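From just these sequences and the hints, can you work out the full model?
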Amino acid sequence: MSNYVELFNLTKTYRTPKGPAVIVKDFNLNIQKGEFITLIGHSGCGKSTVLSMLAGLNDITEGGIVLAGRELAGAGPDRGVVFQSPSLLPWLTAYENVMLGVDQVFYSANSDERREIVEYYLTVVGLADSMHKRPAELSQGMRQRVGIARAFALKPKMLLLDEPFGMLDSLTRYELQQVLIELWRKNKITALMVTHDVDEALFLSDRIVCMTDGPAAEVGDIVSVNFPRPRERKAVMEHPDYYPLREHLIEFLEVHAHRRQPKN
Amino acid sequence: MPYLELNNVTKHFGGAPVLKDVNLAVEQGEFVAIVGFSGAGKSTLINLIAGLLHPDAGTVKLNGKVITEPGPDRGIVFQNYSLLPWLTVFENILLAVDTVNPGWSKTQKEEHVLKYIAMVNLTPARDKKPGELSGGMRQRVSVARALAMNPQILLLDEPLSALDALTRATLQDEISRIWLEDKKTVLLITNDPDEGIYLADRIIPLTAGPEATLGESLKVEIPRPRDRKGINHDPHFKALRREVVETMLASKKDRHASVTRKLVLPDIEPEDLSAPPRPGWRKSPIRRREIKEESVEVSK
Amino acid sequence: MKSFKFDWLVLPLIGMVVAVLIWHLVSQTVSKDLPSPMKTWSESRDYVLHPFEKRGEMDQGILRFTWYSLILVAKGYAIALLLGTPIGFMLGLSKAFAKAFDPIIQILRPVSPLAWLPLGLVLFLGAGKNASELGALFTIAVCSMWPTVLNTAVGVRAIPQDYLNVAKVLKLSRTKTLFKVLIPATLPYMFTGFRLSLGIAWLVIVAAEMLTGRPGVGGFLWQEYNALNYSHIILCILTIGIVGFILDRLMSVVERKFKTI
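Residue numbers (numbering that gives the first Met the number 0), protein chains in the order written: chain A, 0 to 263; chain B, 0 to 299; chain C, 0 to 260.
Quick caveat, the hints were computed from the structure, so don't treat them as lab data.
As the structure is a prediction and not an experimental result, all values here were calculated from the model.
There could be a bad hint or two in this list.
[Said to hold, decoys possible] In silico DSS-like links for lysine-lysine, alpha-carbon gap of 30 Å or less:
no., chain 1, residue 1, chain 2, residue 2
1, A, K185, B, K282
2, B, K182, B, K105
3, C, K258, A, K132
[Said to hold, decoys possible] Take a look, some chain A residues computed to stay more than 10 Å from chain B by CB distance:
no., residue
4, Y3
5, N29
6, G219
[Stated by the list, open to error] Quick list of the computed label-pair ranges, beta carbon to beta carbon:
no., chain 1, residue 1, chain 2, residue 2, range
7, C, L249, B, K64, 55 to 65 Å
8, C, D161, B, I285, 28 to 38 Å
9, B, K60, C, D161, 41 to 51 Å
10, B, A117, C, G198, 54 to 64 Å
11, C, G198, B, T58, 55 to 65 Å
For glycine and all other residues, C-beta sits at the position ideal for the given N, C-alpha and C.
Here is the structure:
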């Protein structure tokens, strides 16, 4: 089976007054269609940089990315992005925020169909009664639900999530992970998520890619997560492989943390 | 007699009560963690114990005496550091020590402040201003300041929520270490069940609001000092973790009845915006199948 | 002092009474030439009680004068906004534009209307009859547009990168990005600019009228100064102040209606 997404020799260098700063170097990864991949690593290791290059929001210095047989050039709605801070436009309601994107990609559809699409996704993420509220009237968790609905509504070829639940408390995070996985299950969109939460990665992904620390970060280790789908949280946490995998990942992070730890 | 006691405490702000019939008993030297959703009333609870708010019903007692106003016997560490930005680390803590012990000599106060700065490992930063410190360091100053007032009970209101995962882990270890040295009575409010289990002797869930109340307290029988990595093998840890999370999520679900709604999703493909518009797009979008109908559970 | 019922009415009234008393005291003791509040009222009664009368070009009711001034301000202010907002946008969006024109703007900004007016008159000398009006409009526009220019520029530069990323990911066209993202995001800053510009425009009108002898509050003030009629001067000052206050309040109402963020 040919790869759906290929990142080959991906490199990002910034020019700084102190000389070139290499954030990511020779990052290589192949993703199959319908896979859910998580990228974990410490803050500042460059995982968000990889994601923003995939999103087309950051230029690639060297190497390239191929999606569905075509090389990437710039940003576009074929890659739905869920940002960490929802970045909803505050002067539009939740409905209008999602409609902004739907209007762009479904310009050939009539207004009834577009309305149905927006209402569908907002209802499925649990905002049936709040869709005509503005972001200021919604809690952080609800705003993030809108962000998820907005990305899915575009029917993108690939879903990119940049620590989408990082700003939420653990319990809201659990709820939203559930919302995400159920929505994802409906159409198995190829997804890449960046997170530093090991449990989140184990619950959601097919494979977990561990990134080494910067500078010049690259792929450190790739772990396959074979829990059966559909994933149910209790069953996942009771799976015999769960805690060993968890420990393995925490150890990976710890080893790299200590390497970065400044002398106290 | 419990050191800190809350009896049937209820608090409202003009509408439905935020907290209802809250009962809590904390023994001296215990480390108790309360885990709850954001917005459920955790901060209200801390403010009641601190004396910044008064209960509408029930009593809050510390060492037998009813709490009526804030005081240095209850040291609080807030989520947002609340350090004065124009004072250095040393001066911020000195201010607190001054307030509590005005009668001490200058040398006494200075020694006291330095002792607590050292306790949180910030001696090289003593003359820096909060703006020059990282989030984790600022929070350590907050902790040092609270401890320097020698409170009878330490109240931590989601102190680590604003920090990144690595700093959070480091500070959790520090709080654990400091507590082992002093064995103060500590009440920690957090939204992270793992943090609660790792640090506390007992963990109590706060049900979802409104009318939040404290659920059954669970004892954390993991021997100290606790090892973050090794804890993964501890069956008790895993069971406790599951139970806390389940209780929390269940309490939220109960509050919402659900209704089934029929939704329609037209099964059309999006247009490719990086290619020129295809001929015939005006007539109809690319359709895969017919219109898809779905029944979706919607909570009220 | 704790707040009590009607304190929003009683306290300002007390403040005003105290001010009038101080005025009275000063007029009786320190500056005997300053007309007292009573004298001011008796000499200005006509103008206030018959505000719309026209007895002569420079002898009209106070509201007629105000009306002339307001019309001139409206025209000049509109020009200031129509020119200033796009300039502000360009300053915010293009670093090159900013580097090129920022020094010029900083040099022109502190220049007083009293200096611009003669220049304005010279520029429009060829317009014959309309020269004085065009000169006044030019002065008002040039003096009042800077807050709009600069605040709009600041607002554009302050747009969070997140919103721009949304526009990029959705591949919004340039026009759509401007109208759906850039303008709503900058609106609060633009309104700050509009408000400050309005204040300056109203200030400048007085100077402009004084120097061109046009009928209006400023023109009247200048005439009465030459006639040494201080009561009327005080009347003009009070009128100018009250109208300025009302204009500012109106602006807040408009701002609230268009609140985006």
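Cross-check of the supplied hints:
Restraint check for A:K185 and B:K282: satisfied, since their Cα atoms lie roughly 28 Å apart, inside the 30 Å limit. Between the alpha carbons of B:K182 and B:K105 the distance comes to roughly 28 Å, so the proposed pair stays at or under 30 Å and holds. At roughly 15 Å between alpha-carbon atoms, C:K258 and A:K132 fall within 30 Å of each other, so this suggested pair holds. Separation of A:Y3 from chain B is adequate, the least Cβ-Cβ distance of about 16 Å exceeding the 10 Å criterion.
Non-interface status of A:N29 relative to chain B is upheld: no Cβ of that chain comes within 10 Å, the nearest being about 22 Å off. The beta carbon of A:G219 is kept farther than 10 Å from every beta carbon of chain B, the shortest such distance being approximately 16 Å. Checking the proposed 55 to 65 Å range against C:L249 and B:K64 shows it holds: the Cβ atoms sit about 57 Å from each other. In this structure the supplied range 28 to 38 Å holds for C:D161 paired with B:I285, their Cβ-Cβ distance being about 31 Å.
Distance hint for B:K60 and C:D161: a CB-CB separation of about 48 Å, consistent with the stated range 41 to 51 Å. Checked against the given bound of 54 to 64 Å, the beta carbons of B:A117 and C:G198, roughly 56 Å apart, stay inside it. Distance hint for C:G198 and B:T58: a CB-CB separation of about 56 Å, consistent with the stated range 55 to 65 Å.
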